[in-house]
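Participant: Okay, here's what each chain looks like letter by letter:
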Amino acid sequence: MTPGGSSSLPGVVVVTGVSRYLGAHVAARLAADARIDRVIGVDLAEPGPEVAALLDQVERIRVDAGAVGGLLADLDVDAVVHLALVSAPDPQQGGRAAMKEQNVIGTMQLLAACQRAPRLRKIVVRSSTAAYGASFRDPAVFTEETEPREVPRGGFGRDILDIEGYVRGFRRRRPDVTATVLRFAPFIGSTADTTLTRYFSQPVVPTIFGRDARLQFLHFDDALEVLHRSVVEDHPGTYNVAGPGVLALSQAIRRAGRVAVPVLEPGLSGAIALARALGYGRYGLDQVDLFVHGRVVDTARLEREYGFTPRSTAAAFDDFIRAHHGRAVVTREQLAAAEQLVLDRIRQVRAAVREQS
Amino acid sequence: MTGSAERRDDLPLDEWHEVPAGADEDRARSNGHRPAEPIAPAVPDRSGDVWDRRVAGGLAFLRRRLAGDYEVDEFGFDPELTEAVFHPLLRRLYRDWFRTEVTGLENVPADGAGLVVGNHSGAVALDALILSTALHHEHPDHRYLRLLAADLVFRMPVISELARKTGGTVACNPDAERLLRGGELVGVFPEGFKGIGKLYSDRYKLQRFGRGGFVSAALRTGTPIIPVAIVGGEEIYPMLADLKPLARLLKLPYFPVTPTFPWLGPLGMVPLPSKWLIEFCPPIPTAHLVDSADDPLVVFNLADQVRETIQQTLHQLLERRPDPFGP
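These protein sequences, in sequence, are chains S and E.
Residue numbering for the first sequence follows the working numbering, beginning at 1 and increasing consecutively.
Residue numbering for the second sequence follows the working numbering, beginning at 1 and increasing consecutively.
One or more hints might be untrue.
[To be verified] With the Cβ distance kept under 8 Å, some of the chain E side facing chain S (calculated, not the full set):
#1 Asp52
#2 Arg54
#3 Val55
#4 Arg63
#5 Ala67
#6 Gly68
#7 Asp73
#8 Phe75
#9 Gly76
#10 Glu80
#11 Phe86
#12 Asp151
#13 Pro157
#14 Glu161
#15 Val170
#16 Phe261
Since the hints were made in silico from the structure, they are not lab data.
Here the structure is a predicted model, which means the values were calculated and not measured.
Think of the CB as a built atom: it goes at the ideal place given N, C-alpha and C, for glycine as much as any other residue.
One chain only, chain E, in its complex shape:
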């Protein structure tokens, strides 16, 4: 008799995540919207019929999307779409293609704000997406990582909306601090384009950390900084040369030449299947430094500490992974 009483809206599309019963309804009502009345299924489904539930769940999802019955936050983050579409796709890449191993998850808080600072690599910022998949997939509380991206991302149509829908926003202090004050886990790559646009010969050498804006954001909000080292991103698109004149012409920060790109065209955009290791380092508390957010010395020292931690952890991880394309 469970069949007819069950609300089809609450069935998860994907088995990774159990949506708590009624969550959809509460979320909708909180924004002043009345969700449509649930309709009892015409054919009572047999308990244990996985496919029937999947089809019903998928159709309910489609209906909600087409009717606009979902919520986005003020940054444009669409948790439902991220959960149902983007994370399942990224998990394929994360698990089957890159065989990612994650350690140190206990250093990521279960709730409340945290600033995750990582090394950047790999021509396109795939490491940011893999990192957010790791946190959502492996963390016991399935935390979303709110990524801060360069404004170039938001200049490009389609890409900009994908970034916003998956929880990203422009890398600037007001946004970072607003997310941190809201108790979110924020992901930042202070190397920026210097990190992802470096040559293969410079792999796993951390670049300059800019002005340390991420440190002042953490200091102003008293948020712990969690350094994270990501190994594997450098080998996916080994960049042999940077065609600077072409990059200038296209108004890009760099134009990569890899063994496969641009020679093989779109096929050259398939990332090489390197082995990925991600390690979260112990958090660096900043609550006692809230008053020093504008002190350049404190900011630089802290940025340096984060940088050193990531660099050392990268070396340790590289020793654990002698073969970049190993199992």
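So that you can see chain S by itself, here it is in the shape it has in the complex:
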């Protein structure tokens, strides 16, 4: 127990991965919360220009997430928010090897350090709905209890399974620490920049022939809200975090006014392997698996335990569309105008025929 602390509010919070978009926003939000004394941001890299301004109130320490062992003990850290995950390999930063190093080895070392931190009371780990793997025998909707039937082909999915495995081990060894695992659906929103937002921003969007995946998105602001609540409230366990409702991939593309180009799946997998070999590792097998199988999760536990419902998948996607409206190929207004035009033509022709007869 912390001295004089019956409340669950942590005094000192460490956030990993603050140089990235999500980490910076979470750290800034926690720093703005007066109930939290200190927020310490940990990252190896310098924050990019777009997030640096957010980190004014955050103490920053340039150290690898894996090497925070001494730090946790010295600073009397109460809570750790682990966000330093890489969801897609970046060829400029070492590719897949570096990604795995950061995701898997980084988490392993961080959890080992947390295990030895006596004052630590809370750990919040970012995970992903990719934890459910991808298989044709999967149920349509995953609850937190669903076990993956097949190990996913994509690197990120495999990393997530490893990370959750380490958290399970940590929970066994430190049952006194509140461990929260948040399985996030893909983020979307007006400002978020992720593999999927880049995908939907293109005018012509490749899809997989004969597949129309069911997708769920999570609005970026709702992700921040859930992470914030996880730190200031006590929610042990694993939670699916996604916007209620479902969009089919084809439907999402149409709502965004983009044009879908179906590609044969075997060809696509080969093309991705080739692209990766050539250094264009933008889309991976994670995306192919997602677009073949789709992924829908049950968020009842989140809504019950957090008393919070993220905005729906459709609403979150609408917010994204509004921000990227300028590059739409087909707009709703054009469709409505075309409908009216065809209808008027047919009516004119029919009226003419009726007059003649």
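Could you slot chain E onto chain S? The hints should help.
Facilitator: Frame of chain S, contents of chain E only:
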């Protein structure tokens, strides 16, 4: 003056089904989406001009599809597409080709969950589609049947999406129970591939019912089981032989040889026009057995009861239909 006030979006594509006014709008808004403003028609349509309404309705449907203004549920079910495209096509087959007669519809609940358990036949699972057409077409409440299909269906591109869009999902207990808890009518064929892949000489002989997973799904949710007997499916593709080596090569559960397939190529895939009879049997209540969902004895006994009911009803129906290809 009704013309300009009428919302074109609400006009049904097909006369079978009257879409209640504003249903489209409410459904759209419930998922956080704002539908486009309806546009008043430029030429006020004359009342009673069926074709004008049909054209306008069809165009509005196309526009909604192209703009993504429709909803799918978490299983991928697209009621609008099913209603406007798949059911009209299947009704042709149901009414004109198979001359289907349905009895016992009063045994299917008007609302709330029900587990419809049927016999499976006919090389491809056409009986499942005809059964769902029967329920949607003949039932006073036009109920959708949510079919549970083998995972092989979901391995195949295109087919998998057709299955999901029409309300199907993978046959597994989590999905079945989720649909039943949601008050849906779920259709299941416990014989699986053993049923549709059997030879013509074994027609209307129910195969083994597997582990009775469907019974435990019904028990856990307290849903009544409605056995249904389907006669007519066995004659559409009379399977004379099963080329097992070829099936293994193609990773299929069986490879059928019928009088027309594969000899006539694609033409051999036209189903023979047999006469179909469908009878829904009285529901078997399970609400009092909710605690016994994991009791194998209860599960097996109930599965057996369902199996016997279907088999007996099949015999009765076959007596009513002496000529498989009769009128």
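Participant: Now tell me if each hint is right for this structure.
Facilitator: Results for each hint:
1. For Asp52(E), the shortest C-beta to C-beta distance to chain S is roughly 7 Å, which falls under 8 Å, so the interface hint holds.
2. The criterion of a C-beta within 8 Å of any C-beta in chain S is not met by Arg54(E), whose closest approach is roughly 11 Å, and the hint is violated.
3. The beta carbon of Val55(E) is positioned within 8 Å of a beta carbon in chain S (closest approach about 5 Å), and the interface hint is therefore held.
4. Given the 8 Å rule on beta carbons, the hint for Arg63(E) holds: about 4 Å separates it from the nearest Cβ of chain S.
5. The interface hint given for Ala67(E) holds, since its Cβ lies 5 Å from the closest Cβ of chain S, which is under the 8 Å cut-off.
6. The beta carbon of Gly68(E) is positioned within 8 Å of a beta carbon in chain S (closest approach about 3 Å), and the interface hint is therefore held.
7. Annotation: Asp73(E) was flagged as interfacial toward chain S, and the flag holds, the nearest CB pair being 7 Å apart, inside 8 Å.
8. Given hint, Phe75(E) at the interface with chain S, holds; its Cβ is 5 Å from that chain's nearest Cβ, closer than 8 Å.
9. Look at Gly76(E): its Cβ gets to within about 5 Å of chain S, closer than 8 Å, so that hint holds up.
10. Of the supplied interface hints, the one on Glu80(E) is violated, with its beta-carbon coming no nearer than about 11 Å to a beta-carbon of chain S, more than 8 Å.
11. At a threshold of 8 Å, the smallest CB-CB gap from Phe86(E) to chain S is about 15 Å, leaving the interface hint violated.
12. Interface hint at Asp151(E): satisfied, since its Cβ lies 5 Å from the closest Cβ of chain S, which is below the 8 Å cut-off.
13. With a cut of 8 Å, the hint placing Pro157(E) at the interface with chain S holds, because the nearest CB-to-CB distance is about 3 Å.
14. The restraint placing Glu161(E) at the interface with chain S holds, with a minimum CB-CB distance near 5 Å, inside the 8 Å limit.
15. Look at Val170(E): its Cβ gets to within about 6 Å of chain S, closer than 8 Å, so that hint holds up.
16. Interface restraint check for Phe261(E): the shortest CB-CB distance to chain S comes to about 23 Å, outside 8 Å, so the restraint is violated.
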